[in-house]
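Visitor: Could you put together the complete structure from these sequences and hints?
For reference, the chains in residue letters:
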Amino acid sequence: MMAAMTAIPRMVEALSLDNLCVEAHTMIQGLDQFENGVIHPFLTLSHVLLLIAFGLLVSRRKPFSPGWPLLVFTLFATAGLGWGLGSPGVGVPLLLILLTTVAAAISVTTGFREPAAFRLVIAGLSGLLLGLDSAPEAMDSRWDAFKTATGSWVGLLVIVVCVTAYTGMLPDRKWASFGVRIIASWIIAISVMVLALSFRRVS
Amino acid sequence: MSTPSLSHRRATRAWVGIGLLLSCSIASAHTESGGAGGFSSGFLHPLTGLDHVAAMVAVGLWGAFLGSRATWLLPVIFPMVMAVGGALGVAGVHIPGVETGIALSAIALGLMVAFSVRPPLWVAGVLVGIFAIFHGHAHGTELPESANALAFAIGFVISTGLLHLCGIAFGLLVKYPWGKTAVRAAGGVIAIMGACFLTGVL
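Here the protein sequences line up with chains A and B, keeping their order.
For the first sequence, position 68 matches number 68 in the numbering used here, and the numbering has no gaps at all.
For the second sequence, position 200 matches number 1200 in the numbering used here, and the numbering has no gaps at all.
Rather than coming from a laboratory, the hints here were simulated on the basis of the structure.
Where is the CB? At the ideal position from N, CA and C, for every residue including glycine.
Worth double-checking, as some hints may not be accurate.
Said to hold, decoys possible - Just a sample of chain B residues kept apart from chain A, beta carbon distances all over 12 Å, derived:
1. Arg1069
2. Val1076
3. Gly1092
4. Leu1111
5. Leu1127
6. His1139
7. Ala1151
8. Ile1154
9. Phe1156
10. Val1157
11. Leu1165
12. Gly1179
13. Cys1196
14. Leu1198
15. Val1201
As the list claims (entries may be wrong) - Below, simulated BS3-like cross-link-like pairs (lysine-lysine); rule was C-alpha separation at most 30 Å, straight line:
16. B:Lys1175 x A:Lys174
17. B:Lys1175 x A:Lys147
18. A:Lys62 x A:Lys147
19. A:Lys62 x B:Lys1180
Guide: Here is the structure:
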């Protein structure tokens, strides 16, 4: 209990701007493997963007029914993490994550009345890509790797459930709809910039 | 139903907000040297250039002034096209007259509001998109080489979006009879500022 009470402030402290955009699985000193896993999605820009875009996609329609997409996301995230644990070092190209992000965000921005299958496909793709990309790289102890992966699983779900829930609680008003669309356009803009910067680094 | 005192308080808050925005440094954000980096730098980048502030606020102002779908469409189009402009800047693609385009954006958008110009939605969208290219390119050419360049990109997109929201918030005053005059006056001020940027007065 005491460990849990001290863990949260340590993780919050680790969410400093200096640690933002950590793409590799850098372990933050002072946190154990599980805690590092939990904050990993929070510190990975591409993951945050996709999770927010997916959360907005799933929750913007009325009536609020995110059950199946979230379930599919959870299952595929679990599968992705398991796959990554079994094959350490298997990465996911940033391009795939950002394209999925843009696909989800475009649907939100345009107000496109996508079929339910589209949301489920995005859910599965998002879960798989994020799970695979969140799996820890080779560690000395498989137990440490499992703890980190479990933490990442928790972190992913915390973000997506929070975004989905808070967006779903928005009233059915024009300003709320406008706000969601504007935020989705920001996600597209940031994704485009991230892609451009990634290509610049490669070149 | 708003009481007169509540309306007065809202109007006062709006003017204070505009005053704070306009009182920021007039130093251009387009510094020659690098030195920018990180979320805070990206967030401050549009705010430290009055030309950016004026145009961003004008986009939100015009959108709210046009009303209906324009309220969200213009602030949606701008950041997305701005990102494309930013990507061009990052890639080193040269666009002539970027600074002139930025100044013209303030003039054009300000005049649109000042003279209550209500073009078709697609025209407004195209106009905003064209100006967004210039703004994005200016930001893109100054993106740092450092690892925090990603955070810089997040910062300046969010900052740009918040400026749009300031413009929208002020533009919503059009629902009051005195508000229409205030919004059109704000458009005029932005246009004059744009002219000052273009002529080098500011």
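Visitor: If a hint holds in the structure, say so; if it does not, say that too.
Guide: Here is what the structure says about each hint:
Arginine 1069 of chain B, annotated as away from the interface, has a beta carbon of chain A within 12 Å; the closest lies near 9 Å. Its closest Cβ contact with chain A, about 4 Å, brings valine 1076 of chain B to no more than 12 Å, contrary to its assignment away from the interface. Look at glycine 1092 of chain B: its CB is around 9 Å from the nearest CB on chain A, not clear of 12 Å, so calling it non-interface is violated. With a closest Cβ-Cβ approach of about 25 Å to chain A, leucine 1111 of chain B is found to remain outside the 12 Å limit, as its non-interface label requires.
The claim that leucine 1127 of chain B lies off the interface holds: its Cβ sits roughly 17 Å from the closest Cβ of chain A, which is beyond the 12 Å cut-off. For histidine 1139 of chain B, the shortest C-beta to C-beta distance to chain A comes to about 9 Å, within the 12 Å cut-off, and the non-interface label is violated. At roughly 5 Å from the closest C-beta of chain A, the C-beta of alanine 1151 of chain B falls inside 12 Å, breaking its exclusion from the interface. Some Cβ of chain A comes within 12 Å of the Cβ of isoleucine 1154 of chain B; the nearest lies about 6 Å off, and the non-interface call is violated.
Listed as a non-interface residue, phenylalanine 1156 of chain B fails to keep its Cβ farther than 12 Å from every Cβ of chain A; the least gap is roughly 9 Å. Some Cβ of chain A comes within 12 Å of the Cβ of valine 1157 of chain B; the nearest lies about 5 Å off, and the non-interface call is violated. Consistency note on leucine 1165 of chain B: stated as away from chain A, yet its beta-carbon is not over 12 Å from all of that chain's, at 8 Å minimum. For glycine 1179 of chain B, the shortest C-beta to C-beta distance to chain A comes to about 17 Å, beyond the 12 Å cut-off, and the non-interface label holds.
Every CB of chain A is more than 12 Å from the CB of cysteine 1196 of chain B (nearest about 28 Å), matching its label as outside the interface. With a minimum CB-CB distance of about 27 Å to chain A, leucine 1198 of chain B clears the 12 Å threshold, and the non-interface call stands. Valine 1201 of chain B, annotated as away from the interface, keeps every beta carbon of chain A farther than 12 Å; the closest lies near 31 Å. For the given pair, lysine 1175 of chain B sits about 16 Å from lysine 174 of chain A by alpha-carbon distance, which is consistent with the 30 Å threshold.
A hinted pair counts as satisfied when its Cα atoms are at most 30 Å apart, and lysine 1175 of chain B with lysine 147 of chain A does not qualify at roughly 56 Å. With a C-alpha separation of about 37 Å, the suggested pairing of lysine 62 of chain A with lysine 147 of chain A is violated against the 30 Å cut-off. Under the criterion of a C-alpha separation no larger than 30 Å, the hint pairing lysine 62 of chain A with lysine 1180 of chain B is inconsistent with the structure, at around 34 Å.
Hints 1, 2, 3, 6, 7, 8, 9, 10, 11, 17, 18 and 19, counting from the list given before, are not met by this structure.
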